[in-house]
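Residue numbers (our numbering), protein chains in the order written: chain A, 3 to 482; chain B, 3 to 482.
Please keep in mind that the hints were generated in silico from the structure rather than gathered at the bench.
One or more of the hints may lead you astray.
Identical chains blur together in the list; that is why a pair holds if it fits in one copy or across any two.
30 Å max Cα-Cα, derived DSS-like pairs, lysine-lysine [as the list claims (entries may be wrong)]:
#1 Lys183 to Lys318
#2 Lys341 to Lys65
#3 Lys65 to Lys323
#4 Lys65 to Lys290
#5 Lys323 to Lys290
#6 Lys128 to Lys30
#7 Lys318 to Lys65
#8 Lys151 to Lys421
#9 Lys40 to Lys84
#10 Lys329 to Lys183
#11 Lys30 to Lys244
#12 Lys316 to Lys341
#13 Lys450 to Lys210
#14 Lys85 to Lys151
#15 Lys390 to Lys65
#16 Lys318 to Lys363
#17 Lys106 to Lys84
#18 Lys151 to Lys128
Number of protein chains: 2
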Amino acid sequence: MSEDEKLVKEITPKTEDFSRWYTDVVRKAELADYSPVKGCMIIRPYGFALWENMRDALDRMIKDTGHVNAYFPMFIPESYLKKEAEHVEGFAPEVAWITHGGDKELEERLAVRPTSEAIICSMYAKWISSWRDLPVLINQWANIVRWEKVTRLFLRTMEFLWQEGHTVHETAEEAQEETLKILDMYEDFAVNTLAIPVVKGFKSDKEKFAGGVRTYAIEAMMWDGKSLQAGTSHNLGQNFAKAFNIRYEDRNQKLQYGWSTSWGVSTRLVGAVIMTHGDDNGLVLPPKIAPFQVVIVPITSGKNPQKVLAEANKLKDRLVKNGIRVKLDDRDEYTPGWKYSEWEMRGVPLRLEIGPRDIEKGSVVLVERPDRKKNFVKMENIEAEVQKLLDSIQSAILERATKMRDEKTVEAENWEQFKKIMAEKRGFIKAYWDGTRETEDKIKEETKATIRVIVDENSKGKCIYTGKETNLYAYFAQAY
Amino acid sequence: MSEDEKLVKEITPKTEDFSRWYTDVVRKAELADYSPVKGCMIIRPYGFALWENMRDALDRMIKDTGHVNAYFPMFIPESYLKKEAEHVEGFAPEVAWITHGGDKELEERLAVRPTSEAIICSMYAKWISSWRDLPVLINQWANIVRWEKVTRLFLRTMEFLWQEGHTVHETAEEAQEETLKILDMYEDFAVNTLAIPVVKGFKSDKEKFAGGVRTYAIEAMMWDGKSLQAGTSHNLGQNFAKAFNIRYEDRNQKLQYGWSTSWGVSTRLVGAVIMTHGDDNGLVLPPKIAPFQVVIVPITSGKNPQKVLAEANKLKDRLVKNGIRVKLDDRDEYTPGWKYSEWEMRGVPLRLEIGPRDIEKGSVVLVERPDRKKNFVKMENIEAEVQKLLDSIQSAILERATKMRDEKTVEAENWEQFKKIMAEKRGFIKAYWDGTRETEDKIKEETKATIRVIVDENSKGKCIYTGKETNLYAYFAQAY
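In isolation and in its complexed conformation, chain A is listed as follows:
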């Protein structure tokens, strides 16, 4: 067995066991590793570079829409967490508690933030006094802890990284507008940066944010037919303003409670990228966020290896100067074939092969990761050609993912069909729901499917389960 084969064989095929395929890819590509603390993960340099690119792209969007970053303490006094009744009920079971500082027991336990509404709202109450102070549009990038029982690298870990926006507005309308603006921003980010198509809508009461009024979400369809919640935007109404006494003097000198929102996406999006685009050879990364967009593999086995290396370095410099992220793999101890497999497995969008004969011809070979398509390109046009190919790969994988999502989305005619689909190919099922918790629970019990998002509340049809008239049209799926 050659080295090349061995490398690929270490990854379980998707079709054989998707869950093992996922873990193999995460670990072989060195995106993440398990930690000595059960349920926590280490984000390794390659995985972190990917996250940094995602974070920076989203951070620009958050700032471009008028938000500013800040940082709040990660400890929340227990009494603060308890101020909003539904909120503490929802989060308390997953909270990690600090009870000792040094060798002294604390008078009041401190929660490690499972989300930061409680600490942030307590500060907003202090900072906001007039309508002139509104809106407050603050975001923070932070680590979050939720004591999960079952964890999976990136998808569900005890500690994870995220951004959380927390805003306060003068009116209910403005808060709703912000909630939807952010939902659209997340969709834009998922589609145009991560190349992940999404479905957007709002959650049922059962699935909404603890303490909020309405939760909107984007949901993405994974290769195995399960949906992944990829971002949420919550309209919190006046619930938190009342619990934390966030009041302002309005334009008529009257005291009013503010209207707030919160919203977030996390490192689980890295998992979404892997499961949407990856294949049996490993990762496939969208060019916009790939740590390396191009890997240069010099063929130095022939004559004049020094000249090949020198040319490879020149090409690298030219590409880097054009803002392209490039890795030149000039290691002696591996063959070109081994390197091809390695960087395919790591999902680098473009491979540039350059050898003595290429140099003679003044051209190089550019191989596209998704379909291994070869492009023979003149060296003189390298910058423009590489950029063109990166753009086309970005579009192509979005198109492929959209096609996959659409193929996995069906309308169920009746309950028998619904059950059959969920038992076999899964995916999204579009159907009417009568709006009751009872029906929601029964559907889950019988099919493991939950309401991912309600996409229409002004429609008319019959509930897929009870046959009752309803106006709620939803996407159902099994979910991560």
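Following the hints, position chain B against chain A.
Chain B in isolation, oriented as in the chain A frame:
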């Protein structure tokens, strides 16, 4: 009393009470606020934008020297923290402990990282097996918790943000080289980005990192004659490699322990910037890291305010297009005079004043924050003129701070003089030290001064306290 005066009067003069001046500036400029959790702080948007600019500049330097970022869990099992004996002894008194997850008590307590050697070294032991895996050059940006009794905004808080580099090398020489390379990088960053001159050297055994072999540091002199440790770089020898079993097969197929380093700077650098450059009117920010480098104040009280605003907006767009960070303060409810004071207090390096008469003349007024120097500048050259002034302010405040530092640095002739200086003007005292812990303790007892850094270990002279012959020449100071 006018609004202008009121704003400035809210800040205690430096000469009256430096400590109150500091707190006034931090809070009035909305850099930070106290939190409901004692000892923790909130970094408000203006303070966080400042930190982001510092972080991004340093992050580029860290990456340019070949390091990559990653993320490790913030929880460390107690047994891991205990593996290096000196290390746990040094940090245990300041550790916050997690004892419960949800409603379940944990089998083993988890420390919230006071620094990450223990968790990171345990992973390095797993990842490193051959000399080919070395060096490992990883950095992380993270939040850190130390249970401090006395805290001050930015300077010493229970939770703070920092970067921590953790590297492993094949040889002792390479580890030492890395330790010094980072020390130089920190100096470069302090001097050329923060405009803070520093003294560099190594710590006495008493002050070194718990578990390390030698700690190097940069120290900065504050306006009140006290020194602030601004960054540390530790050569850890093989101590952690042995405690965590980080071994690699060397070039002769023999198993060897690795040689490691760690190094960090934190949000306390924000405090250093404030205390080095600020004055009685508030903050003075180095242009390279100021959230806003230019504030435009339009004079709209005269005729044709709309035209003034339109011109102000045009100037803003031109400057922004040139990569300059600009705030246009077009609020109606405040007078230009009030805005001048406000943005002076917030330390914006350049103020651009524009009114109807300026527009007629085709010029604007640019006022430099540090000395209020006025520059009358043609609008057509605005981009170049602004950039020139920003550069000159950056140099000027470094020069001013260096002069201040030099004025506060003296050589003590004898012990009486040493005591007198430390009792009166403080500052750095350069003197010989006999190398004993006893002398070090006595000097501190009698003068509150500690050895900030040893700058020469191959010199020859008499200990300032005992008169003994020694080769250690050091900087002494009272410290933050």
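Structure-based check of all given hints:
| no. | hint | result |
| --- | --- | --- |
| 1 | Lys183 to Lys318 | between (40 Å within a copy, 26 Å between copies) |
| 2 | Lys341 to Lys65 | between (39 Å within a copy, 24 Å between copies) |
| 3 | Lys65 to Lys323 | both (26 Å within a copy, 17 Å between copies) |
| 4 | Lys65 to Lys290 | both (19 Å within a copy, 20 Å between copies) |
| 5 | Lys323 to Lys290 | both (17 Å within a copy, 23 Å between copies) |
| 6 | Lys128 to Lys30 | between (49 Å within a copy, 14 Å between copies) |
| 7 | Lys318 to Lys65 | between (32 Å within a copy, 18 Å between copies) |
| 8 | Lys151 to Lys421 | within (28 Å within a copy, 61 Å between copies) |
| 9 | Lys40 to Lys84 | both (27 Å within a copy, 18 Å between copies) |
| 10 | Lys329 to Lys183 | between (37 Å within a copy, 24 Å between copies) |
| 11 | Lys30 to Lys244 | between (49 Å within a copy, 27 Å between copies) |
| 12 | Lys316 to Lys341 | within (20 Å within a copy, 52 Å between copies) |
| 13 | Lys450 to Lys210 | within (18 Å within a copy, 57 Å between copies) |
| 14 | Lys85 to Lys151 | both (26 Å within a copy, 28 Å between copies) |
| 15 | Lys390 to Lys65 | both (28 Å within a copy, 28 Å between copies) |
| 16 | Lys318 to Lys363 | within (18 Å within a copy, 50 Å between copies) |
| 17 | Lys106 to Lys84 | both (24 Å within a copy, 19 Å between copies) |
| 18 | Lys151 to Lys128 | between (37 Å within a copy, 25 Å between copies) |
Of the numbered hints given earlier, the model fails none.
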